[in-house]
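Line by line, the protein sequences are chains C and E.
The first sequence runs 396 to 626 under our numbering.
The second sequence runs 37 to 352 under our numbering.
One should not assume that every hint holds.
To be verified - As a list, the in silico DSS-like pairs of lysine-lysine whose alpha-carbon atoms are at most 30 Å apart: (1) 499(C) to 463(C); (2) 496(C) to 398(C); (3) 499(C) to 198(E); (4) 455(C) to 496(C); (5) 408(C) to 463(C); (6) 463(C) to 198(E); (7) 398(C) to 455(C); (8) 400(C) to 585(C); (9) 496(C) to 198(E).
As the list claims (entries may be wrong) - Pair ranges (Cβ atoms, derived): (10) 118(E) to 484(C): 46 to 52 Å; (11) 121(E) to 517(C): 41 to 47 Å; (12) 526(C) to 199(E): 22 to 28 Å; (13) 253(E) to 505(C): 51 to 57 Å; (14) 198(E) to 526(C): 17 to 23 Å; (15) 127(E) to 418(C): 17 to 23 Å; (16) 121(E) to 603(C): 34 to 40 Å; (17) 505(C) to 190(E): 27 to 33 Å; (18) 591(C) to 121(E): 47 to 53 Å; (19) 559(C) to 127(E): 41 to 47 Å.
Derived from the structure by calculation, the hints contain no laboratory data.
Glycine is no exception: its CB is placed at the ideal position from the N, C-alpha and C atoms.
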Amino acid sequence: MLKVKDLHAYYGKSHILQGVNFHVGEGEIVSLLGRNGVGRSTTVKTVMGEVAPQGSIQFKGEEIAGKKSFEIAHLGLGYVPENRDIFPSLSVRQNLVLGMKSTKPHGRWNIEEMFRMFPNLGERADIHGGVLSGGEQQMLCMCRTLMGDPDMIMIDEPTEGLAPKIVEQLAVLLQEIANRGVSILLVEQKLSIALKISRRVYVMGHGKIVYEGSPDSLLEADDVRAEWLEV
Amino acid sequence: MLEVLIFATLNGLVTGFLLFMLASGLTLIFSMMGVLNFAHASFYMLGAYAAYSLSLYFGFWTGLIFAPLIVGALGAVVERYGLRRVHQSGHVAELVFTFGLAFLIEEAVQFFWGRDTKNYQTPELLDFALFTLLGQEFSAYRGFMIAISIGIFIALYYVLTKSRVGIIIQAAITHPQTVANLGHNVPLIFMGVFGVGTALAGLAGVIAGPVLTTFPGMATVLGSIVFVIVVIGGLGSLAGAFIASLLIGLLQSYAIASDVGMPDLLNLLGVSFDRSHPLNDLWTISLPQIAPLLPFLLLVLVLIFRPTGLMGKREE
Numbered sequence: 396m397l398k399v400k401d402l403h404a405y406y407g408k409s410h411i412l413q414g415v416n417f418h419v420g421e422g423e424i425v426s427l428l429g430r431n432g433v434g435r436s437t438t439v440k441t442v443m444g445e446v447a448p449q450g451s452i453q454f455k456g457e458e459i460a461g462k463k464s465f466e467i468a469h470l471g472l473g474y475v476p477e478n479r480d481i482f483p484s485l486s487v488r489q490n491l492v493l494g495m496k497s498t499k500p501h502g503r504w505n506i507e508e509m510f511r512m513f514p515n516l517g518e519r520a521d522i523h524g525g526v527l528s529g530g531e532q533q534m535l536c537m538c539r540t541l542m543g544d545p546d547m548i549m550i551d552e553p554t555e556g557l558a559p560k561i562v563e564q565l566a567v568l569l570q571e572i573a574n575r576g577v578s579i580l581l582v583e584q585k586l587s588i589a590l591k592i593s594r595r596v597y598v599m600g601h602g603k604i605v606y607e608g609s610p611d612s613l614l615e616a617d618d619v620r621a622e623w624l625e626v
Numbered sequence: 037m038l039e040v041l042i043f044a045t046l047n048g049l050v051t052g053f054l055l056f057m058l059a060s061g062l063t064l065i066f067s068m069m070g071v072l073n074f075a076h077a078s079f080y081m082l083g084a085y086a087a088y089s090l091s092l093y094f095g096f097w098t099g100l101i102f103a104p105l106i107v108g109a110l111g112a113v114v115e116r117y118g119l120r121r122v123h124q125s126g127h128v129a130e131l132v133f134t135f136g137l138a139f140l141i142e143e144a145v146q147f148f149w150g151r152d153t154k155n156y157q158t159p160e161l162l163d164f165a166l167f168t169l170l171g172q173e174f175s176a177y178r179g180f181m182i183a184i185s186i187g188i189f190i191a192l193y194y195v196l197t198k199s200r201v202g203i204i205i206q207a208a209i210t211h212p213q214t215v216a217n218l219g220h221n222v223p224l225i226f227m228g229v230f231g232v233g234t235a236l237a238g239l240a241g242v243i244a245g246p247v248l249t250t251f252p253g254m255a256t257v258l259g260s261i262v263f264v265i266v267v268i269g270g271l272g273s274l275a276g277a278f279i280a281s282l283l284i285g286l287l288q289s290y291a292i293a294s295d296v297g298m299p300d301l302l303n304l305l306g307v308s309f310d311r312s313h314p315l316n317d318l319w320t321i322s323l324p325q326i327a328p329l330l331p332f333l334l335l336v337l338v339l340i341f342r343p344t345g346l347m348g349k350r351e352e
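Please model the complete structure; the sequences and the hints are all you need to start from.
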């Protein structure tokens, strides 16, 4: 689904990504782990076209490095940003409408189904997005991206600031999304959710992938966790 | 007295809605670009001239439909091949660009159409009194201007607040990258909004041209008042622009229709003055005489007491 080879990216003169390599298969949940500042968010922003890339990014076999963000989204790649970017003056329903790429109904998701999955959002359908709780905003942001019917979504730190109960609901939702054939790249700092739902994990350090393996193998790799993940 | 009040109100509404047609486009464009488009009123003038030329060959109604389309298309081209490139150099460059464009359009209008006032006429179909009240006539054309303006206001309100396109525009103005990530072509949206904004200015020119006269200085005359409106309403606020447009339209209209002046005020205060005094002109000044100054006076007051405008928000 997504193949990233020797990806470099810069902020001004700072060399942030220094040759990142990873791939995500169809229907897979893959996690990108690492401490703050190692380049995880920059990686997904670069894949999404927000940061100028150097290297190869292939999505569904097509080279997307250098394409504009809206073109990449149209190819079927969705992105849920870390800051959620809910439009506070738009209602919950309008936020979801915004996620639709056209007025034609989509195959996998629709607004009524979203409200069935998240009754909280359904009850607040006509309320401004800005007054929702952090957890509800996270769910809304995810649902908004799904309304565009992506084949893969990249989710940046979805558990940030959420209560443990909401994190559990989120894990169930992510598995439901993957069951419907949508690949997921989960960018996380917390190991708990990543190890629970991922098929494979990557660990980033100093702008590179420093470890690749299964959740079980990462649990056994004490040295990797100590050097690259634990604070 | 009653007929003066009614007619002043109707005329104020005509002016207010006309100003809103200009101010709405300018406000939308400001929200997108972050700078005021100084050439906005020039598109209003182009609308009047284009409609005048079309009306000579095909009649008023053809001009009414096609002149705003021509002006809107021109505006879209200006955004795509001018402003978008200049945008990379920052707001000052954009501001200077729109300044230059305003001069360019004014010179072009004088070059192609000349410096004289054009005989742009109201259509024969609307050349009658819509109603007569206490001996005063209200022309059908002014009624038509109000109808068109209200129609545009309702359409704009519906599109911006209820339609999917409006939702995307609202979101793109504040979070362009997020909207792009959701698969929407933000530069195309901005070009469309710029085109529609200039088309609205063009439409205002088409319907105002026969009443306010079509001449090369018409952009300057109305342009400064439109800037006053967007500042009084609050930069970037459509609702504020609407309130300020009607406020200024009505304020000017009531001032022009009134027959009070400084002598009345001085009489009320029991102050007498000598007509041979050097400041006699000041003592005898009347409200209709200072009507053109009122928008600017209001601007100064708003800037002193509410610098963000009536509906504007303070920048974080």
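- Item | Ascending list of hint numbers which this structure does not respect | As far as the earlier hints go, 10, 15 are violated by this structure, in ascending order.
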